[in-house]
Amino acid sequence: MAEKEDGGLVFHPMDQFIVKPLFGDGPVGVLTITNSTLWMALTVLAVIALLVLGTRSRAIVPTRSQSVAELAYGFVYQMVEDITGKDGVKYFPYIMTLFMFILFSNYLGLLPMAFTPTSHIAVTAVLAVAVFLAVTVLGFVKNGASFLSLFWVSSAPLALRPILALIEVISYFVRPVSHSIRLAGNMMAGHAVIKVFAAFAAVVAISPLSILAITAMYGLEMLVAGIQAYVFTILTCVYLKDALHPHH
Amino acid sequence: MEGDIAQMGQFIGAGLASVGMGGAAVGVGNVAGSFLSGALRNPSAAAGQTATLFIGIAFAEALGIFSFLVALLLMFAV
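One line per chain: the protein sequences are A and B, in this order. For the first sequence, the working numbering assigns the number 80 to the initial residue and increments by one for each residue that follows. For the second sequence, the working numbering assigns the number 609 to the initial residue and increments by one for each residue that follows.
Don't read these hints as lab results, they were simulated from the structure. Beta carbons are placed, not taken as given, at the ideal position from N, Cα and C, and that holds for glycine. Incorrect hints may have been included.
[As the list claims (entries may be wrong)] Quick list of the computed label-pair ranges, beta carbon to beta carbon:
id, chain 1, residue 1, chain 2, residue 2, range
1, B, Phe619, A, Arg135, 50 to 58 Å
2, B, Asp612, A, Thr176, 28 to 36 Å
3, B, Gly611, A, Leu124, 42 to 50 Å
[Claimed, not checked] The following residues of chain B were derived to be distant from chain A, with all beta-carbon distances above 10 Å:
id, residue
4, Met609
5, Ile613
6, Ile620
7, Gly623
8, Gly635
9, Gly637
10, Asn638
11, Ala640
12, Phe643
13, Pro651
14, Ala659
15, Ala666
16, Glu669
17, Ala670
18, Leu680
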């Protein structure tokens, strides 16, 4: 950490991303319960509360929480069916799980004093690499060696195909990197900007302006939190479609 | 002294890396603007293409996020 003795800011904007043990101040090990663990657990509990408890009554005329749960379910189901087709619907539970986890952890992270698990590349990389490995294995299981035709663009002129194949292979292996960094980077950038403005709020001359800016950024972050969950899910669907139908 | 110069290099490098985010801004604006100009010509076909819009924005944005990451690495990890 490049800590300066006085950089002008009251606190460092990146301090909010430090993973701390919840009890005591020992070193963070594999099984240490940290603030990240706490907020991931809260995320899971919130998802369960909405999807299990909210739909418990199975009413014909839904209550508010039931209609939100049905809306989320229908939204993701429609997305999976539109992009991957009928045979991708089998993998809907996994994609729904991903979407709800990321959406709730993004939104819970917007609460004051909260911690955003998805702002850490370690967390999003696990999600993205899991998708990448699952999709790659699935592609080979479903299509056998013809899965490799994903890299052989048969619509291009023959002379260009080896070069295109090289580019396709590189872009295939960059997928988990961009997939994870996109989510973590967006979350981290937004929260850091809010904290920078929050530090300026201590300066009397510009505090009304910076409070206004925090409000505006917070509104933007509400939008970004939803969009990034949507983008992560839709890219998962696109990768899944590539695995199921590799032919261009 | 040498540490100071190294730190100066870090800060200059982080600032230069941030320039890459401008490219992502141009890219995302281009995607959204093209979508809008297409959507206004044929509004009935627009609703079906929002998924494509978001995928395009995500791909354009990823490269800007990479430059942001390079800046962060220079500031905090090197």
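So, going through the hints one by one against the coordinates:
Distance hint check for Phe619(B) and Arg135(A): the Cβ-Cβ separation is about 55 Å, which falls inside the suggested range of 50 to 58 Å. Taking the beta carbon of each, Asp612(B) and Thr176(A) are about 50 Å apart, not inside 28 to 36 Å as hinted. In this structure the supplied range 42 to 50 Å holds for Gly611(B) paired with Leu124(A), their Cβ-Cβ distance being about 47 Å. Met609(B), annotated as away from the interface, keeps every beta carbon of chain A farther than 10 Å; the closest lies near 17 Å.
Every CB of chain A is more than 10 Å from the CB of Ile613(B) (nearest about 14 Å), matching its label as outside the interface. With a least beta-carbon separation of about 14 Å from chain A, Ile620(B) lies farther than 10 Å from that chain, consistent with its non-interface assignment. With a cut of 10 Å on Cβ distances, Gly623(B) stays outside the contact zone with chain A, its closest approach being about 14 Å. With a cut of 10 Å on Cβ distances, Gly635(B) stays outside the contact zone with chain A, its closest approach being about 13 Å.
With 10 Å as the threshold on Cβ separation, the claim that Gly637(B) sits away from chain A holds: the shortest Cβ distance comes to roughly 16 Å. Annotated as non-interface, Asn638(B) keeps its C-beta farther than 10 Å from every C-beta of chain A; the closest such distance is 17 Å. A cut-off of 10 Å between C-beta atoms confirms that Ala640(B) is not in contact with chain A; the least separation is 12 Å. Every C-beta of chain A lies more than 10 Å from that of Phe643(B), the closest at about 14 Å, which supports listing it as non-interface.
With a minimum CB-CB distance of about 19 Å to chain A, Pro651(B) clears the 10 Å threshold, and the non-interface call stands. Chain A draws Ala659(B) into its interface by the beta-carbon criterion, the shortest separation being 6 Å against a cut-off of 10 Å. Annotated as non-interface, Ala666(B) brings its C-beta within 10 Å of a C-beta of chain A; the closest such distance is 4 Å. Glu669(B), annotated as away from the interface, has a beta carbon of chain A within 10 Å; the closest lies near 7 Å.
With a closest Cβ-Cβ approach of about 4 Å to chain A, Ala670(B) is found to fall inside the 10 Å limit, against its non-interface label. Leu680(B), annotated as away from the interface, has a beta carbon of chain A within 10 Å; the closest lies near 8 Å.
The earlier numbered hints that this structure contradicts are 2, 14, 15, 16, 17 and 18.
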